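**Student:** Construct the entire structure; sequences and hints are all you get.
From first to last, the protein sequence lines stand for chains A and B.
Under the numbering used here, the first residue of the first sequence is numbered 43, with each subsequent residue one higher.
Under the numbering used here, the first residue of the second sequence is numbered 43, with each subsequent residue one higher.
Hints listed in this document are in silico derivations from the structure and should not be mistaken for laboratory results.
Any given hint might turn out to be false.
Which copy is meant is left open, so a pair is good if it fits within one copy or across any two.
[Said to hold, decoys possible] With a straight-line cut-off of 25 Å between C-alpha atoms, the simulated DMTMM-like cross-links for lysine to aspartate or glutamate are: (1) LYS93 - GLU80; (2) LYS148 - ASP270; (3) LYS149 - ASP395; (4) LYS292 - ASP52; (5) LYS182 - GLU238; (6) LYS93 - GLU104; (7) LYS103 - GLU169; (8) LYS198 - ASP261; (9) LYS422 - ASP395; (10) LYS198 - ASP87; (11) LYS218 - GLU53; (12) LYS422 - ASP153; (13) LYS401 - GLU327; (14) LYS103 - GLU73; (15) LYS69 - GLU104; (16) LYS127 - GLU80.
The structure displayed is predicted, hence computed values, not measured ones.
Number of protein chains: 2
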Amino acid sequence: MNISILSIGDELLSGRTLNTNATWLGKNLTEIGCNVMEQTVIPDDESIIIKTLNTMIDTNKESCLIITGGLGPTEDDVTRESLFKYVGTEEKFDSEYWEYLSNRFKKFGIDIPQSNRNQALIPTTGEIIDNPIGSARGFKFKMGKSILFSLPGVPKEMKEMTRASILPWLHERSDKIFYSTTIRTTGIPESVLIEEISIALESDHGCTLGYYPSLFGVDIHVISEDKDLKDTLLNNIVSLLGDKVFTLEKENIEDVVVKIAQKKNITLSVAESCTGGLIGHRLTEVSGSSNAYKGGVVAYSNYSKINILGINEQILEEHGAVSEETAKEMAMRSRMMFSSDIGLSITGIAGPDGGSTEKPVGLVFIALSTEKGIKVREYKFGSNRTNNKLRTSQVALNWLRLEMQND
Amino acid sequence: MNISILSIGDELLSGRTLNTNATWLGKNLTEIGCNVMEQTVIPDDESIIIKTLNTMIDTNKESCLIITGGLGPTEDDVTRESLFKYVGTEEKFDSEYWEYLSNRFKKFGIDIPQSNRNQALIPTTGEIIDNPIGSARGFKFKMGKSILFSLPGVPKEMKEMTRASILPWLHERSDKIFYSTTIRTTGIPESVLIEEISIALESDHGCTLGYYPSLFGVDIHVISEDKDLKDTLLNNIVSLLGDKVFTLEKENIEDVVVKIAQKKNITLSVAESCTGGLIGHRLTEVSGSSNAYKGGVVAYSNYSKINILGINEQILEEHGAVSEETAKEMAMRSRMMFSSDIGLSITGIAGPDGGSTEKPVGLVFIALSTEKGIKVREYKFGSNRTNNKLRTSQVALNWLRLEMQND
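**Tutor:** Rendered as C-alpha cells:
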C-alpha cells in the first residue's frame, strides 16, 4: 500500500519540535511492507490544510494518508474542522463521550475546561478511532479509493493508536504479509560488514535489506514476504557475522550486557575517566541492573585516581593518566573496591583539546580485570568530544558482552 | 521571506534517519524572521523530484526553496541531475575542482573513486555554493521571483553551508532585520512561567514570543524587528523570572555550572545512586571541566555505599538507601573523599519497578554538602526511568548553579 504522511503543526515548521512522529510512522509502516511515498509538514491553517488534502489525496488511486496533529482543545488546533470541511461531513456533539471525558478529568481532581468540548465533536460519516490514553480521538474516512486517518500529534497517543488501529488494518488489507527481523551489530564498519556478508547476498534470497548505521554500529533490517526465506537469509548473515551480532531483539547493548551478567551471576564495576560516568549511566538505563552493576568511580582527576582508586603515584608520573598501565590499574582496583567479578576501566583524551603528538585527542585505553588477569586495548577515535565518549562506551560495553559470553 | 524546505532521501521516508535537517533549518530561519511555509520529504526519484519542484515553486511569487540531500557520489543520488533538468541548464565538468578534490582525497591517503566525478559537474547557469568540509558543493538558481538553494544532506555540511551562504543572504535581502534572544529557564513549568511573565506581555511590546518546553525546562524565544523593543521585553522577562533564567547564551546548564565553578575556583564531586553516572557524564560533556569536576562515585549498591563512601550501615538499615539521611551522608562523604568544595549526592527510585506506598517510584533525594553544612531536598518525579534520571540530573545541576551563584 502507498502511504503519505501529513504532519500539521506550526511548532514543527519553526523547528520548535523535532518531527519524530513522521520518522516513527515511516519506520513502522516500512517494516510491514508499506511504501511511504511522501511526508509533508504544514501549519495549523484551515485553508492550507484543505488545499494540501486536495493535492495529496487522489481518490482514484488505492492509497492511504495518515494525518497527525491539530486535534487538541486549543484554538490553534484546526485539523478537525478543516478535515470535516474537506470530507464534507456534518458534525454532532457526542454527549456520551463528553460525560466520559468529564469524569476522567474529575478523577484527576480537575474540572474539565469548556475548551475540551470540541473534542467531543464527531462526524456524521466516517469512523472514530479510540484514544486509550488521551482526550483527542482520531478519525477515519474513505474518499473514493483512498483512506484517510487523522491522529493526535502527542507521540505517545499517536503511537498507541497507530499500533492498535492502523497497523493491524493495513496488515489485513494488504494482500501481502511481511516478515522482518533487525540484526543489530557493533564493532564493524558498514562497508566491511557488506563485504563480509556478500556471499549470502549473491544468492536469490528473496528478501529486501536495509542498513541503518549509527555511532553504535550497523543495524541490518531483513524483510520478506516468505518467512522461510527471511529466516534463511537471517541465519546466513548471522553465522557470517558471528559475534559481531549482539542481538536480534529490540534492545541496546547495555540490555544484553545486564542480561548476560544476571544469567551468569556476574557482577560488574567500572572506573571511568574520560567517559565521565556515561557507562554507568547506560548500564543503569536497564531496569533491574542493580543485580549486576555494583557501581563505579568517576576518576576524573589524578587526585581521585591516587586517593580513591589507590593507584600508585609513580605509575601516573611515569606513564601518564592516559596509558596502558594506568588503565590496567584502574580496572584492577575498581574490581577490588567493589568486589565485583569484572572491573572495567576507561582512560582517554576526549578532546577537543588536551592532545599531543604522542597522545592525540581521541586516544583511549580500555582495560578489563577478571580473576584470570587483566587485558588492555588501545583505540583511536576522532576529535569530537561527545562522539568519542559515545563510541568509547559502546566499545567498552561490547567488550564486556564478549568477555562474559565467551566465558 | 516565505520559505519552503524540501528534503530528498529514501532513508528519511523509511524512518531510517530522523530529519533533523528540516528542524534545524526551521529553527534558524524562523530566528532570523523568515516564515517557513511547508516542509516536504520525497524519495530519491527523478520524476518525483521534478514534479515536486513544479508544485512547490511559484515563479511569480517572491519566495525561497531550500533543498537538502541527494548530492552524494553514489547512484541513488539524483538531486543534481533532476535539478539541472528542472532548471533547464546544461552541465559542464569542472576540472579545476576535480583536481582539488583528488588532492584532498590524496591527503587522506585515498585514491579518489571515479564515482566522485559527478560532484565536479556544474551548471552553465546558476551559482555554486562552496562546501568547506565535504565534497558535495551546493547550487543556487533564480527561477522568476523564486530562489532555489540545493545543499547536501550531511547535517554538518548542510549547517556550515547554510550559516556561510544562505542565512547572510536572507538577512541581506530581507527588508526587515530581526533581533532575537533565547531565554533558557529551568525549574518552572510552562503554565506557571507564562503567568509569572504575564505583566510584561500585557504591554504593546512589539515582539514575537515562542515557548520551547522540554524535560530540562522552558526556552523562551524573543524576537523583534526593533532591537530596543527586543531588549526591553527581554530585560522585563528576565527580571520577572529572576534566577529561573540560567543563560541567555546557546549553552546548557552543565556549561553554566562548570563556568561558574571555574570562575569562582570551586571544585565539585558527585555521589550518584539512581542517576548512575549521568551527572558526571553531563559535567564531562563540557570541554575543560576537569578544572572544576574532581570526579564521583556511582554508589549503585548498598555495598558501595558502605564500603566505598563509608556510610554507616546503621543509617542504611534505619532509613533505607533512598532517604534524606542517606542522601546527606553521601553528599558529605563525596566531598570528603574527593576533597572538593561541594559534594552533591543523588539517591532515588528510578523505576519502573522497586517502589512502595511509602517510597513510590520517582522519589528522589538530592543533597548538597559545603563547608557551611548539608542541605537536602525531596522530589517526586514520574514512573519513566529515563525521564526520571534526566529530570533529576537537571534539578541537581540547577541546584549546584544556584548554590555557587548566590555564594
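**Student:** All hints are to be evaluated individually against the structure, with a verdict given for each.
**Tutor:** Verification of the supplied hints:
When the C-alpha separation of LYS93 and GLU80 is checked against a cutoff of 25 Å, the pair qualifies both within a copy, at 16 Å, and between copies, at 12 Å. In this assembly of identical chains, LYS148 and ASP270 lie within 25 Å of each other by CA distance neither inside one copy nor across copies; the values are 52 Å within and 47 Å between. In this assembly of identical chains, the alpha carbons of LYS149 and ASP395 lie at most 25 Å apart only when taken from different copies (23 Å versus 54 Å within one copy). Taking the closest pair of Cα atoms, LYS292 and ASP52 come within 25 Å of each other only across two copies (23 Å); inside a single copy the shortest separation is 32 Å, beyond that limit.
Taking the shortest Cα distances, LYS182 and GLU238 never come within 25 Å of each other, neither inside one copy (46 Å) nor across copies (41 Å). Taking CA atoms no more than 25 Å apart as the test, LYS93 paired with GLU104 passes in both settings, with 20 Å inside one copy and 20 Å between copies. Only within a single protomer do LYS103 and GLU169 lie at most 25 Å apart by alpha-carbon distance; the minimum there is 21 Å, versus 40 Å between protomers. In this assembly of identical chains, LYS198 and ASP261 lie within 25 Å of each other by CA distance both inside one copy and across copies; the values are 24 Å within and 23 Å between.
Taking the shortest Cα distances, LYS422 and ASP395 sit within 25 Å of each other inside one copy (15 Å), while across copies they are farther apart (39 Å). Proximity of LYS198 and ASP87 under a CA criterion of 25 Å is satisfied intra-copy only: 24 Å inside one chain copy versus 32 Å between copies. Proximity of LYS218 to GLU53 under the C-alpha cut-off of 25 Å is restricted to the inter-copy arrangement: shortest distance 23 Å between copies versus 37 Å within a copy. Taking the closest pair of Cα atoms, LYS422 and ASP153 come within 25 Å of each other only across two copies (23 Å); inside a single copy the shortest separation is 59 Å, beyond that limit.
In this assembly of identical chains, LYS401 and GLU327 lie within 25 Å of each other by CA distance solely across copies; the values are 20 Å between and 32 Å within a copy. For a Cα distance limit of 25 Å, the shortest separation of LYS103 from GLU73 inside one copy, 22 Å, qualifies, whereas the shortest one across copies, 40 Å, does not. Proximity of LYS69 to GLU104 under the C-alpha cut-off of 25 Å is restricted to the intra-copy arrangement: shortest distance 21 Å within a copy versus 36 Å between copies. With identical chains, the CA atoms of LYS127 and GLU80 are at most 25 Å apart both within one copy (23 Å) and between copies (21 Å).
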